[in-house]
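J.: Spelled out from the first residue to the last, the chains are:
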Amino acid sequence: MSLVWGFSLSGQEGLHNRIDDLIRFKVGDVPFSKTADDASFLRRVTLDLTGNIPTPDEVITFLADKSAGKRTKLLNRLISGESFAAHWTERLNVMFLERLDEGKVTQEEWDNFMKETLRGKPLWDDMIRQMIEANGQGASRAAMKFLGKADHHAMTEDIARLLLGMDLTCAKCHDHPSVKEWKQAHYWGLFAYLNQTKQATAKKENKVYLVEGLSSKKVDFESVFDLVKMSTGPKLPAGEEVVIPQYEKGEEYDKPAADGLPAVPKFRPRELLATDLTSKDNELFARNSVNRIWFLLMGRGLSHPLDEMHSKNPPSHPKLLDLLAREFVSHGFDLKWLIREIMMSEVYQRSSRLPNGVPKVEPDSYRVSLPKGLTPEQLLRAVLRATGNVEWAKALEVEPDAEKFDRKGYFTGSNVELPPSLGEIESIFIQTFAHPPGTAEVDFSPGVNKSLFLMNDRLIQHWLKPRTGNLIDRLSKMDAPDSMAKEMYLAVLSRLPEKEEAIWITDYLARNEPRRTAALADLAWALLNSAEFTFNH
Amino acid sequence: MLGALGGLAGFGSLLHPSIAKQIKEKKKQVCLIWLDGGISQYESWHPLPESKFAGPFRSIKTSIPGIHFSELMPNTAKIAHKISVIRTMATKDPNHSTGVPRMQRGDPLDRGVDYPYLGSAVAKLLGPADPELPPYVWIKPGNGGFIHREAGFLDARYGALALGDGRPPVHIHRPDGVTAELDAARNALRQKANERFRAYRNTSDIDAYETSYDMARQLMARKDIFDDEKLDPKDRERYGTHPLGRHVLQARQLLEAGVRFVKVNSYHWDTHGDNFNMSQRLVPQADQPFAALINDLDDRGMLDDTLVVMMSEFGRTPLINSRLGRDHWPDCWSIALAGCGIKRGAIIGDTTKDGAFVNGEGYDVGHLFHTIFSVLGIQSHRQKYRHKGQKLAIAHDDCEPIKEVML
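Here the protein sequences come in this chain order: A and B.
Under our numbering, the first residue of the first sequence is numbered 258, with each subsequent residue one higher.
Under our numbering, the first residue of the second sequence is numbered 127, with each subsequent residue one higher.
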């Protein structure tokens with residue numbers, strides 16, 4: 258593969274080729290990183306699509322496969338698997354719910370809804386439409402978790418930020434101070450779609466629904482700066498204001514009140530919002546959608562931060578963002594199609610190592626692949642798989658009469674027990690590695706507490722003790738240090754060791770001959786704590 | 127980098143004034159002693175035994191002629207000439223749930239954002255005093271850990287490292303069976319692995335990752351300063367063996383080690399019932415370590431660069447209720463400040479005769495935050511936070527520092 262690309266377009270048709278053309282076009286005749294080697298590609302794709310590192314066997318098989326098109330084959334297999342649905346449920350949960358467990362839909366119900374959506378052929382616009390319009394009736398009931406407790410301002414802010422790429426928080430009280438095109442009217446236009454939505458309980462079945470009350474007039478607002486009074490009906494930032502229909506008294510409703518639920522008005526602006534916002538004509542929605550999907554795969558948005566899509570913060574590649582948006586729309590918002598196209602591009606498949614002789618490149622040039630920090634869930638799964646403790650974790654069972662696990666005490670040291678279940682271990686990882694609930698998990702944020710945890714936590718030490726079938730057990734039963742090095746690198750870093758690394762392992766083991774098993778744990782500990790392990794690169 | 131600057135401090139006078147000032151700012155430290163629930167001003171700073179609202183306690187002379195504190199504060203009375211007391215705080219909010227954050231966040235008008243708590247604000251505005259130590263440590267009863275919500279809208283890293291019951295988070299300890307030598311050896315392996323990975327890669331995120339390990343190891347190496355079990359028994363006697371005494375002593379140790387901001391929390395000051403017995407038990411627990419801290423900082427030459435603040439979210443009602451308690455009273459109450467540009471011996475505030483109300487204008491949290499920021503060398507009107515494209519005032523636009531207590 259040539260390292261230096263000219264200006265000439267490749268002339269090839271698939272979206273992934275056009276992505277590469279536009280990335281190259283922006284920077285001109287400069288060197289790019291090589292295509293990532295097979296092991297790096299396998300690890301990256303497996304993490305991105307299934308949320309885990311590959312097993313040693315998967316690595317060996319993939320490296321041994323000499324067939325053309327094995328990368329595409331791998332993509333196709335992983336994206337149609339159940340792990341894809343589970344992992345992208347997790348990723349989209351973090352993106353759309355931000356780890357807030359609000360509203361009357363349980364996390365489990367929502368997860369099931371998302372998984373069901375992500376199996377087969379998920380259509381992004383359908384999914385989002387259901388998240389906005391869900392009222393508790395029918396199959397999309399679980400989708401109403403997105404609107405949480407139906408707090409009008411929280412819904413307005415979340416929809417603007419997460420679905421349109423507009424952080425309008427400060428436009429609640431005044432026009433955005435530095436972004437001219439973000440108006441206070443944008444905030445209140447969205448608000449007017451949502452200000453009649455509320456939770457209501459059906460008495461007989463004792464079930465909560467998200468209903469809409471009667472919306473008969475515009476919402477009033479005024480700027481805290483000049484105190485000018487204004488009003489607006491429902492309006493999307495780039496759309497027309499919806500005229501609120503006026504009905505004769507007694508004619509306003511479709512259905513009368515029943516069983517504790519209020520009457521259903523004829524005019525239901527939230528339903529309109531669901532349709533209009535996700536319409537293929539709404540460029541803001543399409544652009545925000547592809548920007549977020551690009552971010553999940555590439556580690557940064559074409560427009561970054563993700564919720565600052567405005568003139569003061571232009572995208573790194575405006576034409577590419579437009580192209581992706583257009584193509585996503587014309588392919589019916591087919592999520593898997595878009596993921597596959599991005600992953601088939603050279604830009605996704607580049608190595609994270611800089612091009613030869615280039616000391617540094619701008620991250621938004623995409624000349625080199627950006628390392629992404631593992632998500633808390635990816636990290637836990639990767640640690641369990643790397644150390645060979647997956648079966649151990651699955652076998653954990655909480656005694657029926659056991660006391661509730663004291664998680665706070667686990668962190669202060671007053672509780673010296675190991676967590677009794679995989680769920681509890683997950684909570685401990687999330688508490689340590691996730692961003693605080695209610696904040697976007699976008700930028701890599703290392704922390705002293707995170708490092709201390711990976712270094713010193715009881716679980717990590719426990720997983721590095723030999724137990725039948727786990728990594729340290731397997732290694733300690735081997736004879737040749739070379740094989741140990743190979744097995745350890747395959748298990749932890751999903752690749753074969755380089756010659757120097759094998760020597761380094763052999764040396765350390767030789768120096769620690771009397772305590773070989775412990776020395777193996779030292780080495781595995783070092784690899785687990787290394788950046789190569791905790792980044793997806 | 128910061129270490130190199132610190133080494134120049136002795137040449138401060140030769141440096142450009144702005145640099146000299148920067149170096150001096152580096153030294154400023156803060157200890158906030160928070161008496162949660164509200165200490166009664168009548169049973170502490172402002173006794174007024176002749177008032178119709180007085181309780182059963184006498185007032186005693188202090189080291190300042192004509193100034194009296196409650197007899198429950200014998201130690202602090204002896205050092206009144208080293209501190210300032212503002213007896214005319216008038217702060218509007220009578221609720222714990224909103225008063226605590228308001229008093230600790232400064233809350234410059236309702237801007238629809240979560241302001242950082244004072245410790246996080248100072249961590250952001252001044253950075254760490256010692257780059258090897260966390261800038262903000264919070265000693266509190268109960269649970270500890272890394273508390274990012276203190277950072278409000280600032281980056282989570284400005285949150286507090288909380289020492290629950292004076293103990294560091296469990297992960298600061300080497301696991302059982304891992305000796306210091308072994309830990310060093312396996313970290314050498316880790317660094318080696320990282321160096322290989324970092325070569326030929328863009329480094330900022332990877333460096334940040336490595337830095338978090340460096341900091342983690344520094345904390346581990348100095349973990350004794352985070353552990354109240356390691357305090358000198360004689361000092362413990364002087365500060366008091368109750369939690370607040372131990373924790374204020376630990377705060378001194380952390381300040382000496384170079385932590386920028388230490389908050390010490392004490393709870394259960396909400397004396398709606400049985401105010402007098404409770405005060406008799408509680409107030410000496412604040413008096414003893416507060417006075418010891420001021421004296422120790424003064425003896426060590428640290429007081430002029432260390433701001434000590436002891437306060438609550440409000441004071442307590444003049445009127446004694448039917449349960450012999452005092453309720454919430456934000457209209458006229460007292461706060462103590464010392465060190466770092468605060469006057470020695472300024473006991474200020476003109477109140478009505480019975481101490482119930484301020485004569486004239488009182489001081490609100492905005493004045494307090496301007497005062498605190500100003501004595502720390504922060505330009506409290508000019509400096510702003512940047513948040514989501516907005517410039518946000520760090521303290522109320524329409525308030526000024528309390529000059530009466532400032533040098």
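Errors might be hidden in some of the hints.
[Said to hold, decoys possible] Derived lysine to any residue pairs resembling SDA-like cross-links, with alpha carbons at most 25 Å apart:
hint, chain 1, residue 1, chain 2, residue 2
1, B, K349, A, E674
2, A, K440, B, G238
3, A, K440, B, H513
4, A, K722, B, Q317
5, B, K318, A, P572
6, A, K569, B, L518
7, A, K437, B, F279
8, B, K514, A, H567
9, B, K153, B, N320
10, A, K283, B, Y326
11, B, K514, A, S702
12, B, K250, A, K756
13, A, K743, B, N313
14, B, K250, A, S702
15, A, K665, B, D350
16, B, K514, A, K283
17, B, K250, B, I273
18, B, K517, A, N570
19, B, K514, A, P575
20, A, K291, B, N320
21, B, K318, B, G303
22, A, K429, B, I273
23, A, K722, B, D350
24, A, K437, B, L235
25, A, K372, A, E755
26, B, K356, A, G666
27, B, K318, A, A759
28, A, K756, B, Q317
29, A, K372, A, D432
30, B, K510, A, K756
[As the list claims (entries may be wrong)] Partial list, computed: chain B residues near chain A (C-beta under 8 Å):
hint, residue
31, H299
32, T305
33, K510
34, R512
35, G515
Calculated from the structure, these hints are not laboratory results.
Backbone N, C-alpha and C fix where the C-beta goes; we use that ideal spot for every residue, glycine too.
J.: Evaluate each hint against the coordinates.
T.: A quick look at each hint next to the structure:
| no. | hint | verdict |
| --- | --- | --- |
| 1 | B:K349 <-> A:E674 | holds (23 Å) |
| 2 | A:K440 <-> B:G238 | holds (17 Å) |
| 3 | A:K440 <-> B:H513 | holds (18 Å) |
| 4 | A:K722 <-> B:Q317 | holds (22 Å) |
| 5 | B:K318 <-> A:P572 | violated (37 Å) |
| 6 | A:K569 <-> B:L518 | holds (19 Å) |
| 7 | A:K437 <-> B:F279 | holds (23 Å) |
| 8 | B:K514 <-> A:H567 | holds (12 Å) |
| 9 | B:K153 <-> B:N320 | violated (34 Å) |
| 10 | A:K283 <-> B:Y326 | holds (23 Å) |
| 11 | B:K514 <-> A:S702 | holds (18 Å) |
| 12 | B:K250 <-> A:K756 | violated (46 Å) |
| 13 | A:K743 <-> B:N313 | holds (21 Å) |
| 14 | B:K250 <-> A:S702 | holds (16 Å) |
| 15 | A:K665 <-> B:D350 | holds (22 Å) |
| 16 | B:K514 <-> A:K283 | violated (28 Å) |
| 17 | B:K250 <-> B:I273 | holds (15 Å) |
| 18 | B:K517 <-> A:N570 | holds (17 Å) |
| 19 | B:K514 <-> A:P575 | holds (22 Å) |
| 20 | A:K291 <-> B:N320 | holds (21 Å) |
| 21 | B:K318 <-> B:G303 | holds (23 Å) |
| 22 | A:K429 <-> B:I273 | violated (29 Å) |
| 23 | A:K722 <-> B:D350 | violated (28 Å) |
| 24 | A:K437 <-> B:L235 | holds (24 Å) |
| 25 | A:K372 <-> A:E755 | violated (39 Å) |
| 26 | B:K356 <-> A:G666 | holds (21 Å) |
| 27 | B:K318 <-> A:A759 | holds (13 Å) |
| 28 | A:K756 <-> B:Q317 | holds (18 Å) |
| 29 | A:K372 <-> A:D432 | violated (39 Å) |
| 30 | B:K510 <-> A:K756 | violated (54 Å) |
| 31 | H299 | holds (7 Å) |
| 32 | T305 | violated (11 Å) |
| 33 | K510 | violated (12 Å) |
| 34 | R512 | violated (10 Å) |
| 35 | G515 | holds (5 Å) |
In terms of the numbered hints stated before, the structure departs from hints 5, 9, 12, 16, 22, 23, 25, 29, 30, 32, 33, 34, listed from lowest to highest.
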